[in-house]
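J.: One letter stands for each residue in the lines below.
There are 2 protein chains.
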Amino acid sequence: MSLIVQKFGGTSVGDPERIRNVARRVVATKQAGHEVAVVVSAMSGETNQLVALAKELGGQTPSPREYDVLVSTGEQKTIALLVMAIHQLGHEARSFTGAQIGLRTDGDHTRARILSIDADRIRSAISAGEVPVIAGFQGTDDEGNITTLGRGGTDTSAVAIACALEADACEIYTDVDGVFTTDPNMVPAARKLDRISYEEMLEMASLGAKVLQIRSVKFAMADGIPIHVRSSFNEGEGTWVVREEDVMERLVVSGVTYNRSEAKVRVLGVKDNPGVAAALFGPLSRAGVVVDMIIQNMSQDGTTDMTFTVPREDYERAMELMKDHAASVGAERVEGDQEIAKVSVVGLGMKDHAGVAAQMFEVLAAEGINIQLITTSEIKISVVIEEKYTELAVRTLHAAFVEAGAAEPVAEV
Amino acid sequence: MSLIVQKFGGTSVGDPERIRNVARRVVATKQAGHEVAVVVSAMSGETNQLVALAKELGGQTPSPREYDVLVSTGEQKTIALLVMAIHQLGHEARSFTGAQIGLRTDGDHTRARILSIDADRIRSAISAGEVPVIAGFQGTDDEGNITTLGRGGTDTSAVAIACALEADACEIYTDVDGVFTTDPNMVPAARKLDRISYEEMLEMASLGAKVLQIRSVKFAMADGIPIHVRSSFNEGEGTWVVREEDVMERLVVSGVTYNRSEAKVRVLGVKDNPGVAAALFGPLSRAGVVVDMIIQNMSQDGTTDMTFTVPREDYERAMELMKDHAASVGAERVEGDQEIAKVSVVGLGMKDHAGVAAQMFEVLAAEGINIQLITTSEIKISVVIEEKYTELAVRTLHAAFVEAGAAEPVAEV
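Chains as they are written, first to last, in our numbering: chain A, 1 to 413; chain B, 414 to 826.
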């Protein structure tokens with residue numbers, strides 16, 4: 001008998017009929033001889049309605065504390081309804097809010113971090129033969145204030161609960177069949193991955209694959225809890241996210257991802273002195289602008305260029321800040337471009353396989369796609385290109401690395 | 414400076430514009446130099462939606478524990494939104510769920526009783542210059558389960574909180590101007606009462622005046638907290654519900670009420686032996702049928718008739734139970750009638766004023782209205798008549814006692 005944590009997102013519990021489907025799946029898992037704990041999101045649409053109300057009454061910046069009190073009602077609704085649906089199937093179940101399982105967080109409202117979970121509360125429900133149905137996304141701080149975990153928070157709750165329970169697996173039910181080698185809407189040849197390492201998943205998720213929240217992957221990786229990303233609309237196996245050593249088929253490139261929501265800012269003719277980077281990025285950080293890639297060219301004649309990317313919605317602010325501060329670092333001028341895309345290839349096999357970067361640049365050059373910026377990590381290479389070439393670049397890289405490479409997995413070295 | 418608890422019901426917070434109105438009223442009270450704590454219901458319509466979802470997923474008898482988890486989200490939404498609206502007016506406020514003010518109840522889900530309230534949590538918010546905005550209708554039991562107080566529960570929460578804070582008054586904002594001498598829709602001459610005693614209010618409420626929940630009146634009476642029932646849509650004074658000794662104008666009859674939601678059951682030829690009443694009313698009680706009036710005629714030839722009233726929705730069940738048990742008490746037959754109405758006159762002055770009953774019977778007789786049953790208390794006389802005469806009876810009694818009597822209040826004896 002194994003202990004499985006099942007997480008169902010907003011689409012999976014989007015209406016009463018879907019909630020009944022979730023109840024049937026939970027009961028089927030129990031009847032297959034497993035112990036089950038369930039973590040759910042708000043019904044899809046619910047959170048948007050609540051956020052609209054918050055804007056209407058609280059303006060552009062409603063109190064974060066009250067925002068959390070408001071939006072946490074969404075998950076509370078779902079837990080009660082799902083328990084009722086499980087009861088209707090003749091099985092025992094019991095709902096828990098974040099507070100009721102002692103999910104303690106820091107006090108950083110709307111994006112709190114989990115500090116601890118009282119696993120005994122959940123275990124005693126399981127021991128009593130009940131399926132615990134837990135509200136994701138929410139907890140309380142030291143003073144009993146309701147907090148929420150921010151976007152994708154239910155994934156984080158589910159994995160944190162799986163860790164606290166030392167569960168055998170955490171199943172993330174979603175509206176896709178698993179993690180794909182790239183966006184299937186863009187590349188019909190995209191295929192579902194059977195297994196992927198935590199490290200690859202982190203690179204995929206942070207690069208925009210959006211299947212699984214990045215914080216939840218870090219939690220699972222720390223405790224080695226296997227995550228199973230799968231569809232709530234069919235019975236097929238999805239993608240297992242596991243330790244590197246448990247990934248059998250070690251592909252050079254597991255996936256090709258893209259991100260069209262960033263913009264590029266370039267500060268030219270910066271004096272190449274100590275403290276220059278701090279003088280430029282300090283103001284951005286204080287304004288809450290998150291910088292992604294940073295590239296500094298080799299110095300020539302004591303000056304250099306500094307280029308970086310920011311979320312597109314922060315572009316205007318970043319440009320203004322740079323113009324305000326350019327003079328202080330002796331810069332000549334500031335340029336920007338919103339029509340860019342970041343395209344990345346990710347794969348564990350790169351560690352042992354030289355030449356992936358060179359091959360990537362060749363493939364893009366053959367299509368006449370100019371590379372504006374490059375950054376690399378151990379298992380990822382990202383390039384910034386003109387936005388209009390996004391699809392061409394993704395299709396070509398997928399064909400070159402995944403479709404070709406799928407036939408010849410790299411052996412362990 | 415006085416401390417005032419303000420309660421706003423579902424209609425008063427029914428949409429964002431009304432919530433903003435409530436915020437303005439709360440702030441105006443604070444600016445007038447008072448300390449304020451606010452208790453709110455779910456937005457009107459919200460609870461019905463939640464109950465419909467509960468029925469859809471939980472069937473006819475959803476788990477009471479989960480029902481409470483579900484419906485308590487309604488008030489939680491309102492508290493956050495009202496606090497945001499108060500913030501927008503530039504004032505400090507902070508929301509509290511039932512759990513967060515330590516509103517402890519017994520474990521009787523969907524109709525729990527309040528055991529205690531942690532007044533210090535509320536007082537410390539007030540001391541910090543914040544308006545505490547508290548979710549009515551909800552609490553938690555010993556084990557931390559969410560409970561609700563049942564119909565009209567927000568009134569009960571508000572008055573219990575006023576008692577715990579030793580407030581100077583509890584203002585109940587509603588969609589009517591106050592407590593009227595009778596239903597203004599039926600009798601245009603109905604007038605708003607300035608003051609009424611707790612005892613009179615109890616008789617008015619339980620007889621169907623529906624302005625104020627009966628349990629809340631009992632709470633206020635026990636601690637002597639004045640209740641001010643008033644409109645949330647205008648600034649006028651409403652009706653104060655106070656101690657008997659604080660009712661200046663002591664009318665013989667303060668109000669005329671009616672109730673058309675009961676039915677009458679009569680068991681004829683019952684043997685006049687000890688235990689007969691228990692044999693008949695035991696089964697009703699076990700079936701959850703609440704009996705209102707009970708009248709037993711004088712015995713003749715060792716047999717008697719037993720007549721009682723029940724809520725109309727329980728009529729069929731009560732008739733079946735009586736037919737099942739009639740033989741065991743030697744009864745001849747069972748009769749019933751759903752087309753009845755109960756009409757009552759209520760007034761403190763009756764205590765000192767003989768002849769109200771006689772006058773009431775005369776007034777009804779003069780209109781040709783036959784009286785089927787009579788019950789009396791110290792400050793109330795109720796009669797059951799044919800339903801079709803309800804309006805005629807109410808108008809005639811109001812004219813005879815209230816419109817005539819208003820000119821000559823009865824002096825203290």
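Source of the hints: derived by calculation from the structure; they are not laboratory data.
The model shown is predicted, which means the values in this text are computed figures rather than measured ones.
The C-beta atom is built at its ideal place from N, Cα and C for all residues, glycine as well.
Do not take every clue at face value.
Distance condition first, Cα-Cα at most 27 Å in a straight line; then the derived DSSO-like pairs of lysine-lysine [said to hold, decoys possible]:
id	chain 1	residue 1	chain 2	residue 2
1	B	Lys468	A	Lys30
2	A	Lys192	A	Lys218
3	A	Lys55	B	Lys764
4	B	Lys443	B	Lys468
5	B	Lys631	B	Lys764
6	A	Lys323	A	Lys271
Examples of chain A residues lying across from chain B (beta carbon under 10 Å, computed) [unchecked claim]:
id	residue
7	Arg20
8	Lys30
9	Gln31
10	Glu56
11	Pro62
12	Cys163
J.: The structure should be examined with respect to each hint, and the outcome stated for every one.
T.: Outcome of the hint check:
1. Only pairs whose Cα atoms come within 27 Å are accepted, and Lys468 (chain B) paired with Lys30 (chain A) is accepted, the gap being roughly 25 Å.
2. For the given pair, Lys192 (chain A) sits about 22 Å from Lys218 (chain A) by alpha-carbon distance, which is consistent with the 27 Å threshold.
3. For the hint pairing Lys55 (chain A) with Lys764 (chain B), the CA-to-CA distance comes to about 56 Å; that exceeds 27 Å, so the pair is violated.
4. At most 27 Å may separate the alpha-carbon atoms for a hinted pair to count; Lys443 (chain B) and Lys468 (chain B) exceed this at roughly 42 Å.
5. A distance of roughly 20 Å separates the Cα atoms of Lys631 (chain B) and Lys764 (chain B); the hinted pair therefore holds under the 27 Å criterion.
6. For a cut-off of 27 Å, the pair hint linking Lys323 (chain A) to Lys271 (chain A) stands: about 15 Å separates their Cα positions.
7. At a threshold of 10 Å, the smallest CB-CB gap from Arg20 (chain A) to chain B is about 7 Å, leaving the interface hint in force.
8. Annotation: Lys30 (chain A) was flagged as interfacial toward chain B, and the flag is violated, the nearest CB pair being 18 Å apart, outside 10 Å.
9. Residue-level restraint check for Gln31 (chain A) is violated (minimum Cβ-Cβ distance to chain B is 20 Å; threshold 10 Å).
10. The criterion of a C-beta within 10 Å of any C-beta in chain B is met by Glu56 (chain A), whose closest approach is roughly 5 Å, and the hint holds.
11. Hint on Pro62 (chain A) holds. Least Cβ distance to chain B is approximately 5 Å, under the 10 Å limit.
12. Here the hint on Cys163 (chain A) is broken, as its CB sits about 23 Å from the closest CB of chain B, past 10 Å.
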